[in-house]
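Here's the letter readout for the chains.
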Amino acid sequence: MKQAQRVLSTYAVDMFGIASALFELGGLVVMHDASGCNSTYDTHDEPRWYDTPSMVYISGLNEIDTIQGNDQRLIHDIAEVTDAVHPAFIAIGGSPMPNAIGTDFRAIEKMVQERTGIFTMGFRTDGIHSYLPGAGNAYVRLAQHFLKRPFRQPQRPARRINILGLTPLDFSVVGNATAIKTILTEAGFIIQSSWSMGDTLDNLFEAANADVNAVVSSTGLYLAQYMQEQYGIPYVAGIPMGKQGTADWLQALREGDTSYLTGLTGREPREKPQYALADLNAWKTETVYDDQPCDALVIGEPVYLLSMGNLLRHELGLSTVRLLCPLADAPQLLLRHIETVSVEPVIREECRKAQHVLADPIYARLLPEKQDAFISLPHEAYSGRHYHDEMPVIAGPDIADWLRDRLK
Amino acid sequence: MIYENEIHPPQVPRYTVTPDGAEISIGRADFPKPFYIGLQYASPARGHWTIAHSPMLIPQCHEIYVCCACCLHGVVLSADEIPDGAGRFSMVTLTNENLIKGNLEDMMIDGISRIIEELPERPRCVEGFTSCMQHFLHIDVRIVYDTLRQRFPDIDFIDGYMTPTLQRRYTPDILGRRQLMRAVTKMPPRRAVNYIVNYYPVDGDNELTAMLCAGGYAIHDFADCRTYDEYKQMGESAANIYFLENAAPAARDMKRRLGQDALYLPYAYDYGTLRKNLQKAADVLHLTMPDCDAFEQQIEEKAMKLHNILGQTPIAIDFTATPRPLGLARFLLTHGCNVYAVYLDAISPDEKDSFFFLKEHYPNLSLRSTMHFKRRLLPRDDSRKYGKVLAIGQMAAYFTDTKYFVNIIENSGLYGYVGLMKLLDWIGDAAGKENPNMREIIQVKAWGCHG
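If you read the sequences in order, they're chains A and B.
The working numbering puts the first residue of the first sequence at 1, with every later residue one more than the last.
The working numbering puts the first residue of the second sequence at 1, with every later residue one more than the last.
Looking at chain A on its own, in the form it has when it is part of the complex (with noise of 0.2 Å):
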């Protein structure tokens, strides 16, 4: 039984990635469900919930609605809050009942559109899926809409810099957002926008003036092929983690090279999020894997594999390092040189061929008598904010030490 989870907890789902990718915005971001969405996504997935005054709110779905599929209801709700206020954008995703009837977000986004005269993106999220595609879905639409057309053209070497995919969902708020700027400032580039910690809807809009694109988490992958197929600017997948994967990233940066990490070209067929968002069962996989016993299992969201691989084998000299997603609905793209894996007792068989787990503290359930094993390092999407104070800052030089500290 595949599904069963004894231990494990789940990701962020589809909405909630909306919700982070566009909460400093300034937008209405509305999930279609009847209770819950709402407070899970704020108590657990949204460290800012308590003091920055977003508006996400839940439409409160009820049976009779579901029955008639009477959408009316929703739109005169979202109508009375843009009565009161004029937000940037509206943005509406669904729960799993929406999603069962067929309801059409497309429409519904018409006709929010026409009533309050506010740019409007409805989203066919089914709260099955995982908060990559759902984030990742956001920003394409966001940047189809908004972004103006450049006055420039991409330099090398790169100077002006996007940041993709920087939400809370993969680092916390605690300091790796402005660990990467300052490093990235430090090194002389100029920010030209950051999608979407500590950045104004102003400003992104300017983002297609960038020579290049940072894409921090696979949230952002599916912008940069956007714009790179729009913009001809090159992306550059990967976190900067260790002195010389920071040297290594800021290099791959200004030369605009892409294949740092990932092997790509940069002109791939680009990858859709929807499509992602689409698939019926992308949530799990059976695959059982190496039986070979490895110095190193990383498990998490693909950039960020990517880039702990690169630090665990070419800084801290480990050798036989494994990478393991277990969000099945991560771009493809970047899963070439990564398993993926969620199914419970797969994921326990892998662990226990790892000398050493670098996972969120939730999986060392899976092995209670190997618990020396697990290294810790808490991952927002997946374990929410329950062990913030164990999170190092990832991002920058310092996580070399951090970690060979825990693998003596």
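Treat the hints with care, as some may be off.
[What the hints assert, rightly or not] Chain A is faced by these chain B residues, among others (derived, beta-carbon under 10 Å):
no. : residue
1   : P13
2   : T163
3   : K374
4   : R380
Don't read these hints as lab results, they were simulated from the structure.
Think of the CB as a built atom: it goes at the ideal place given N, C-alpha and C, for glycine as much as any other residue.
Assemble chain B onto chain A, guided by the hints.
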């Protein structure tokens, strides 16, 4: 370390709204729905319990949720946050593949069976949870649980429901409370009564408990069962005493299944109801009434002292602190205290009298929605506008941004005359000292819950 610039990014647009629609003086408010709630906001004050937490009160019960990922993400992390909660929680993920194939019963039976077989210790009880999706597609839960009961005859199975979309008869909270009692079965009768279905053990000092003990009754308090056998012993009682309107279906269900009397002795802050509650218990259970006059005299003295402490300190109350926020406001106002706001979204039928009393005598009392979309945008600055504000309840503390607050959830076990006296003490204590950990405390989910 949390970075202030990352949790509180200064560039985020701030919108200004008027309070119209989200706040109304009680003099102009309608009963029982003073607000139209469209899009809904959820505040970060989280101390009230959910259906992920309440089954933890059944000792040796394991929760297994069978839902889509979005629902699971919330409950698994909620369970994970409470001490020892993770070990009593598992899940089976419902996918689109299941929805299309329609194998809802099979996947649930297989998933729950597998989890039970892999648990390090056999649970005495398993509460399974289905979600809106399965019921929308007409899952036959009878087949599921009949099969599981045949397969695991040593385990009591409870059918739990996380169905917020499908509220045909009951809200998830009401239905959840009813189901919590479903594994209680008939036992040889004893001179005993139950307290059902609170989330906090009833404070043992109250006069009702004293009356029952003096009358020779053993008391089984649902929220205070330490073993599964204690939980099961609730089947031997003559009556179920419940204090919350939301527990009524549970009491009715036990009357139907077990023949136990249902006695509603509601939380209250008015002497009439408090006295009536005790009289009702005395009549049904043949008990001796306590000296109510003496209790009332003591309360009056305490209330006077409290008034001296508080003076005209503005007080705000919220509905998570007590199921009768208007009743508490009425008591405090009629004893000279300055209650200026009550945070709630609807008014319980039990509060009808208090509502109309306050409407007539204190028409300026502000009713404030906690869920209305504007609540997100309205400033949380009462404690700066008014100076010191005293909050009774976590939501009131958050919305008024005060560190003077009574950390109380659903009455926190306080009951009756004695409970009211203790509450007055707590209010006085809270007014005297800031709680520097307000921000951290109110964000803890299900305050007081443990696995």
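Looking back at the hints listed earlier, which ones does the structure fail to meet? none
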